[in-house]
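Visitor: When you get a sec, could you build the whole thing from the sequences and use the hints?
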Amino acid sequence: MEEFHFKCIVTGPPCVGKSSLLLQFCEKEFSAELDTTVGVEFQSKTMELDSTYKIKLEIWDTAGQESFRSITNNYYRGAHIALLVYDITNRQSFQYLGSWLEEISQMSGENIVTLLIGNKSDHNDRRVVKVEEGERFARENNILFIETSAKDNTNVEKAFEDATRQVVKLIKEGKMVVVNKKPQTVSLNQKEDPKQQQQQKKSGCC
Amino acid sequence: MISTECSSRLFTLDLQLKLILNSNSSFLFCTGSLSQSQLAAAAAVGASSTTTSPNTALRKKYLDLIEYGNKHYETTTQNLYQLRKTILLEGLPPETEEEIEDRRKDSPRCSLRGLVWKILLGIKECDAEKYIELLKLGSSDQYQKIRKDISRTFMKDALFCQAVSQDKLSRCLNAFVHMTSEIKSNLNYVQGMNAICGAFLYVLPELDAFYCFQQLVLHYCHLYLVPKISGVHTALNILDTILEFVDPELYGYLKTRSYDPVLLTHAILSLGTSTPPLGELLHLWDFYFAFGIHLNVICTIAQLLLMRDTLLAHPSPCSLFRSLPELDSETIINLSIHIVRQLPDDLYDLLVDHPIADISSQDEFV
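Residue numbers (this note's numbering), protein chains in the order written: chain H, 3 to 208; chain A, 387 to 752.
Among the hints, a few may not be true.
What the hints assert, rightly or not - In silico DSSO-like pairs for lysine-lysine, Cα to Cα no more than 30 Å straight-line:
#  : chain 1 : residue 1 : chain 2 : residue 2
1  : A       : 534       : H       : 160
2  : H       : 47        : A       : 641
3  : H       : 153       : A       : 534
4  : H       : 30        : A       : 510
5  : A       : 516       : A       : 614
6  : A       : 542       : H       : 30
7  : A       : 446       : A       : 510
8  : A       : 570       : A       : 534
9  : A       : 446       : H       : 47
10 : A       : 457       : H       : 153
11 : H       : 30        : A       : 534
12 : H       : 132       : H       : 56
Simulated from the structure, these hints should not be mistaken for laboratory data. Here the structure is a predicted model, which means the values were calculated and not measured.
Guide: Below you can see the structure in the form of structure tokens.
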């Protein structure tokens, strides 16, 4: 089975359920009693994708508050996946996603795969951000979109699968390059000209 | 809390002096807020308590120290020395049932720990009118953020939730934000303050907790909580340097496994409040308030060393940093004293200063 190591960063405004999503994904648990994330937290998880690939994910969970940007910004570098999370029951968390996206593209490579996640879909009764709004925002910004519920485990795994599938696709298309030197890291290489990219791809482990 | 045999040995090794000389504060025994009646009340609590006699004796020792300190200002330095020494060698006694009951009933009476903290932090008076004035200003511009976080503070701790209402925590933090804008400080609400303030509210009545929290943040670790949390960055650099120094093998292994000191941000910034249980944390805080907040960096390293075998055997050790093993204050303090003894003086000085003094040349410690 072909094996990949990807780095994934989870980001977005405070209190939208970033840590809960990870807890559900990595440990199949939900707790309404998670304390606030201060700084950055790290987890790793190995998953199978489409029975074809073995993906080892290094996941960096970041705090949502501005004070921690100086810390969390470092984590975009070299990341393959950014999960940008908002809360469908909180308009404010959706409002400023533009600036979050800007930050992601500034701090990472352009080729980073960004998945917009509307979390807390179990609270449909309290929903204030329509599905279509999320979809539209994603379409306009050319990123992926999904709604999830960390609480009842809806689409949580699918979110990670969608994102990793897209990264694998980009690698196969030669738009992302796997560096062979360090087996643990895969680096983005969007700045290189296509020829060089192809050469690198040939020499890469895929 | 620290076995007498072990710590008296340490004590003779001049360590205490190093700690005391380096603690960065000139504390004063408080006068105004520690009235005789409060002392008498605290003493009565001790006397009528059902706890075992060694604890009662220890409690009396503290109360005597406090009483003596209140009457002899001319020897404040020495009085404080005695207080700190007692904290290091014997720790604070367990709470009495009356103290626990006081907390549950929201009594305005200070527990022994509360009194000791106020002395160590140099709280001379708690101006109730000022606090009320701040409360009357209503919601601050940070209120929404605070509101979200207060329901996520020590949630798993049933005793905390019982004792510290969300309203109390919200009032205190909100008043703090108003206060910072009044004195034109660049401090503002930062996540992590919720837990720090919460711990004060757990130990002290609301008014006293507010002033202790304010004093700690403004004077003992403000760089941890300025908007750019620059002191935390310095702390993490120092932590990194010290960890490599005291345990190169562990450090080397972590380095090959996605290690980055920022993964310990929570332990540094929130002064250990991110790791349960709260009861053990309070003993660590006794130690910090007696000898300096900088010791939190050392105690965090001690926690890593205590889980060394687990870390070395784990394929993804840094994922364990998310929630460190439950605090065991006695072991952590003992180990951190050993770490301090190994440190070169220049590194120790840097450590002592970092929560309050800007260290411009921090790059050399990256």
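Visitor: Has the given pair, residue 153 of chain H with residue 534 of chain A, been kept, meaning a C-alpha gap of at most 30 Å?
Guide: The given pair, whose Cα atoms are some 18 Å apart, holds under the 30 Å limit.
Visitor: Taken at face value, is the distance from the CA of residue 153 of chain H to the CA of residue 457 of chain A at most 30 Å?
Guide: 59 Å, violated
Visitor: Verify the proposed pairing of residue 570 of chain A with residue 534 of chain A, using a straight-line Cα cut of 30 Å.
Guide: 25 Å, holds
Visitor: Given the hint that residue 534 of chain A pairs with residue 160 of chain H, does the C-alpha gap stay at or below 30 Å?
Guide: Given pair residue 534 of chain A, residue 160 of chain H holds - Cα atoms ~28 Å apart, limit 30 Å.
Visitor: Quick one, are residue 516 of chain A and residue 614 of chain A close enough, alpha carbons at most 30 Å?
Guide: Status holds; Cα separation ~29 Å.
Visitor: Are residue 132 of chain H and residue 56 of chain H close enough, with their CA atoms no more than 30 Å apart?
Guide: With Cα atoms ~35 Å apart, residue 132 of chain H and residue 56 of chain H exceed 30 Å; violated.
Visitor: Does the structure keep residue 542 of chain A and residue 30 of chain H at a Cα separation of 30 Å or less?
Guide: Holds, at roughly 19 Å.
Visitor: Starting from residue 446 of chain A, check that the Cα of residue 510 of chain A is at most 30 Å away, please.
Guide: The hint holds at about 22 Å.
Visitor: Under the criterion that the straight-line Cα-Cα distance not exceed 30 Å, is the pair residue 30 of chain H, residue 510 of chain A satisfied?
Guide: Violated. Residue 30 of chain H to residue 510 of chain A sits at ~50 Å, over the 30 Å cutoff.
Visitor: Does the structure keep residue 30 of chain H and residue 534 of chain A at a Cα separation of 30 Å or less?
Guide: Holds, at about 25 Å.
Visitor: Given the hinted pair residue 446 of chain A and residue 47 of chain H, is their Cα-Cα distance within 30 Å?
Guide: 54 Å, violated
Visitor: Regarding the pair residue 47 of chain H and residue 641 of chain A, is the alpha-carbon distance no greater than 30 Å?
Guide: 19 Å, holds
Checked against the numbered hints given earlier, this structure breaks hints 4, 9, 10 and 12; the rest are met.
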